[in-house]
Amino acid sequence: INAIMFPLRHKSVVSMRKMQEIQPEVKAIQDRYAKLKTADPAKQNMNKELMALYRERGVNPASGCVPMLLTMPVLFAFYSLLTTAIELRGAPFVGWIHDLSSHDPLYITPVAMGLSQLWQQRISPATGVDPAQQKMMMFMPVLFTGMFLWAPSGIALYWLMSNLWGIGQQYLTNYLIGPPHVRTMRPPAERRMKRVGG
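Using my numbering, you'd call the opening residue of the sequence shown number 1 and step up by one each time.
Calculated from the structure, these hints are not laboratory results. The beta carbon of each residue, even a glycine, is placed where N, CA and C say it ideally should be. Hints may be right or wrong, so weigh each one.
[What the hints assert, rightly or not] Restraint ranges, calculated between C-beta atoms of paired labels, are given here:
#	residue 1	residue 2	range
1	95	37	20 to 28 Å
2	32	108	50 to 58 Å
3	122	80	28 to 36 Å
4	146	53	33 to 41 Å
5	37	164	40 to 48 Å
[Claimed, not checked] With a straight-line cut-off of 25 Å between C-alpha atoms, the simulated SDA-like cross-links for lysine to any residue are:
#	residue 1	residue 2
6	35	58
7	18	172
8	18	33
9	18	147
10	18	58
11	11	119
12	18	51
13	43	28
14	135	147
15	135	119
16	27	122
17	43	14
18	11	147
19	18	50
20	18	122
21	135	23
22	35	17
23	11	140
24	11	122
25	11	60
26	135	170
27	11	164
28	18	170
29	35	52
30	135	112
31	11	26
32	18	40
33	27	50
34	48	29
All chains, full assembly: derive it from the sequences and hints.
The following block contains the structure:
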């Protein structure tokens, strides 16, 4: 599944990198409309300007969600298989995992899964999310680890392998597209002083 989705994930990471690079321009547009209320009709101009900027730079803000949305049905199907397939119950796997349909008795796979998810988040391009959202994103690996402690070990193992594959893809994509080229935006007052001063 992950190998098939590599082109889509690569495209998603490239789009997120572009999003990261235009963040100063996005923030400059948002700052111009910051004092307006949400219900103010002029606020729609901000959205139009942002969409025009995204089109101009070839950025799709929603592209980062697509790979995860496509893998979720696979995860649910796998979970259903592990919980209902009689032939998998009690079937030995490797090492300490003696049954893919029951939880990991040593909790190694869910903890490793949480750490790999945290690692994956740290190397993914930041797209200018607000601090509260960043904290929420950093809390997600903890939440998932807690959820997977009692989930079938096969699910935790699948998610762990998926994360490790994603980390490898991220490093490969970062190598292929190079470091981000973030444009610095000079504040309006500074630009005016530059023009006046020659």
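Next item on the list: Find the hints from earlier in the document that the structure breaks and name them by number, from lowest to highest.
Entry: Per hint list: 1, 6, 9, 17, 18, 22 and 32 violated.
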